[in-house]
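Participant: Below are the chains, spelled out letter by letter.
Protein chains: 2
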Amino acid sequence: MMKKVVVLGAGMMGSAITVPLADSGNYVNLWGTEYDVPILEYIKKTGTHSSLKVSLPKQVHVFYPEELDKALYGCEIVFIAVTSDAVKTILKRALPYMDDVRKVIILSKGIHVENDNIMSLSQVASEEIRNLGRDVNIISVGGPCIAEELVKKVPTLGVYASHSLSSALDCKKLFETKYYKIITTDDVIGVELCAALKNSYAITIGWSYGLSEIGDYKTVYNLESLLLTQAIKEMRVIVKSFGGNDETVIGPAGLGDLNVTIKKVEGRNVSFGRLLGKGMNFEEAIKYMHASGKTTIEGIPTAIKIYGFLTRSEYFSQVLDELILLKTLVDVLRGKISVKEALSEILENISERG
Amino acid sequence: MMKKVVVLGAGMMGSAITVPLADSGNYVNLWGTEYDVPILEYIKKTGTHSSLKVSLPKQVHVFYPEELDKALYGCEIVFIAVTSDAVKTILKRALPYMDDVRKVIILSKGIHVENDNIMSLSQVASEEIRNLGRDVNIISVGGPCIAEELVKKVPTLGVYASHSLSSALDCKKLFETKYYKIITTDDVIGVELCAALKNSYAITIGWSYGLSEIGDYKTVYNLESLLLTQAIKEMRVIVKSFGGNDETVIGPAGLGDLNVTIKKVEGRNVSFGRLLGKGMNFEEAIKYMHASGKTTIEGIPTAIKIYGFLTRSEYFSQVLDELILLKTLVDVLRGKISVKEALSEILENISERG
Chain W
0 MMKKVVVLGA
10 GMMGSAITVP
20 LADSGNYVNL
30 WGTEYDVPIL
40 EYIKKTGTHS
50 SLKVSLPKQV
60 HVFYPEELDK
70 ALYGCEIVFI
80 AVTSDAVKTI
90 LKRALPYMDD
100 VRKVIILSKG
110 IHVENDNIMS
120 LSQVASEEIR
130 NLGRDVNIIS
140 VGGPCIAEEL
150 VKKVPTLGVY
160 ASHSLSSALD
170 CKKLFETKYY
180 KIITTDDVIG
190 VELCAALKNS
200 YAITIGWSYG
210 LSEIGDYKTV
220 YNLESLLLTQ
230 AIKEMRVIVK
240 SFGGNDETVI
250 GPAGLGDLNV
260 TIKKVEGRNV
270 SFGRLLGKGM
280 NFEEAIKYMH
290 ASGKTTIEGI
300 PTAIKIYGFL
310 TRSEYFSQVL
320 DELILLKTLV
330 DVLRGKISVK
340 EALSEILENI
350 SERG
Chain G
0 MMKKVVVLGA
10 GMMGSAITVP
20 LADSGNYVNL
30 WGTEYDVPIL
40 EYIKKTGTHS
50 SLKVSLPKQV
60 HVFYPEELDK
70 ALYGCEIVFI
80 AVTSDAVKTI
90 LKRALPYMDD
100 VRKVIILSKG
110 IHVENDNIMS
120 LSQVASEEIR
130 NLGRDVNIIS
140 VGGPCIAEEL
150 VKKVPTLGVY
160 ASHSLSSALD
170 CKKLFETKYY
180 KIITTDDVIG
190 VELCAALKNS
200 YAITIGWSYG
210 LSEIGDYKTV
220 YNLESLLLTQ
230 AIKEMRVIVK
240 SFGGNDETVI
250 GPAGLGDLNV
260 TIKKVEGRNV
270 SFGRLLGKGM
280 NFEEAIKYMH
290 ASGKTTIEGI
300 PTAIKIYGFL
310 TRSEYFSQVL
320 DELILLKTLV
330 DVLRGKISVK
340 EALSEILENI
350 SERG
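Those protein sequences? They're chains W and G, same order as listed.
0 is the number of the first residue of the first sequence in numbering that gives the first Met the number 0; add one for each residue after it.
0 is the number of the first residue of the second sequence in numbering that gives the first Met the number 0; add one for each residue after it.
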């Protein structure tokens, strides 16, 4: 049942997924954007991915930005692994060469914002693909997956979500290996919201990391655990409001993904949250992140956009009271309150409601 | 609303709780068992707790084992903070002096086993207290709380569970401080089961810590997150089977407590699990733990007793299929399979069910 598969985006996750794709016996193309050229050249020269620091499987064929047509030629399945803000552009570029494509699988995580409108990435893909005038199934991937671990074949679970459950099941049959397992769901909005929201909530958990570094606390796991359970509670409220499924949040795509995100302490969102927790204000923390080359912190726009959306909507505004972490996060990001004040507010709120 | 409160057991948690109890304006006695004598002497001499390495509040009065009558004199509220296997004995000893007691609050976590019968600690207390022939409310405490952090006033949440919700609410009014917040519930069995089960599941998460130390994996957070979400899933199944509430498991008493338990990497249960994950068999790991003075690993008997109970019961046996972590944990503890085999079995099971 070997398929010809192309991965668009040669960053960490796009490159990492080629390992199970090749191990499950598929023919794999890896195409990189203009930003990926140094990575592509390094792979061509050494066989090794410069950030992942491992050799990619020999069955993986690497393509330069200008070779998008060749990369897509004869491929039935496309993985999209570019940053969330680039999904639309890349799909537009790829469409002319997608004659053979039957499935588009979105590895990118995040939400798409146009004007004040929030769209999930599968909605973005669906709008673009409509132009093909053919039946193409869209599948969104969630779950706890650090790229560096996947390439080392650490046991990993992918959650494949599609309105066409059978096409998610096809993926399971095609791509599972001994170390890469796939579970399927039709809760597309739940999986996509979790993948985006976990970044915002990781910032608030990062606050506790910062706090543990000042004063004589040493560790503040009591606080971290309090924030973690509150984050899951709020993600459930939001996902349910959007029609998603509670179980998705409690499972690998929600709790699982949030857990890997906070465990990877050098990750952008927790790092940024830690700086705030140490006492920096928003501008100082952003400046510090930029200085270390980290310009995008996805949890920031996600929090602001989703909170704004909920605030404006009459239908959703009733759930706002239950979202004390999200509310105080947005207040901190806007410079209205300090993390210390946010934590007092959170504690009071949890105590009052409990 | 100051009360006279006594804490029975001067270990880490019993001593730590005196800090918020005193800060909330109560008169606090701390009584130690025969095992606690060195701790008590050290406090008497220096004011400091030898394991917690902090001074206890001046309002805390320390009592030796033979002063149980004096320690209990005039107290309306008793906290039980001895190890779970000692709860029954200590209550029997205290009963003659409990004339003024109106509330018994159980900080100890675990299950009590007599013959093949499983009892929660509040059930044990309830049986003993029946002999008093008076109305005494029993409250079980759960939630994420590392003693060393509580004494440093890290923001901490206690979950107070009682069939008499109003008496749990009394505790909230009496003991809350700025850093110690209390939420209440009537899901006693849910809170108590979570407090016991989290130790067993922490062992399985410890497997992943061991695995990360061998081979060239470095980190295995993908696997850890997979195990964490599966642990929560199984705890929900067990708690629901016993009539407890799903929300308890997803909240601070379940997920929260499991998270602090696995975060405290020097904890007994995760340490033991890590040794198994590194490739030691059961006997080797036990020997190693004993050599470092850690003779009790509560998650072991809890897993074996609960699994045995579920297996014997016709009513419960239908849920066994959903408990792959618990099943493989018991198999590993009995020397039937290795952790490596357990992990393969877990992955296959999750993939088949998903």
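There may be inaccurate statements among the hints.
Copies of the same chain look alike in the list, so a pair counts if it works inside one copy or between any two.
Stated by the list, open to error - List of simulated lysine to aspartate or glutamate pairs, EDC-like, C-alpha gap at most 16 Å:
1. K152 with E246
2. K172 with E347
3. K239 with E175
4. K3 with E283
5. K286 with E75
6. K172 with E351
7. K2 with E340
8. K44 with E212
9. K57 with D134
10. K87 with E313
11. K171 with E212
12. K52 with D215
Hints listed in this document are in silico derivations from the structure and should not be mistaken for laboratory results.
Participant: Could you run down the list of hints and mark each one as holding or not?
Facilitator: Checked hints:
| no. | hint | verdict |
| --- | --- | --- |
| 1 | K152 with E246 | neither (27 Å within a copy, 34 Å between copies) |
| 2 | K172 with E347 | between (49 Å within a copy, 13 Å between copies) |
| 3 | K239 with E175 | neither (30 Å within a copy, 32 Å between copies) |
| 4 | K3 with E283 | neither (47 Å within a copy, 48 Å between copies) |
| 5 | K286 with E75 | neither (44 Å within a copy, 55 Å between copies) |
| 6 | K172 with E351 | between (49 Å within a copy, 11 Å between copies) |
| 7 | K2 with E340 | neither (54 Å within a copy, 31 Å between copies) |
| 8 | K44 with E212 | neither (42 Å within a copy, 32 Å between copies) |
| 9 | K57 with D134 | neither (32 Å within a copy, 74 Å between copies) |
| 10 | K87 with E313 | neither (29 Å within a copy, 55 Å between copies) |
| 11 | K171 with E212 | neither (43 Å within a copy, 30 Å between copies) |
| 12 | K52 with D215 | between (37 Å within a copy, 12 Å between copies) |
Hints 1, 3, 4, 5, 7, 8, 9, 10 and 11 from the earlier list are contradicted by this structure; the remaining hints agree with it.
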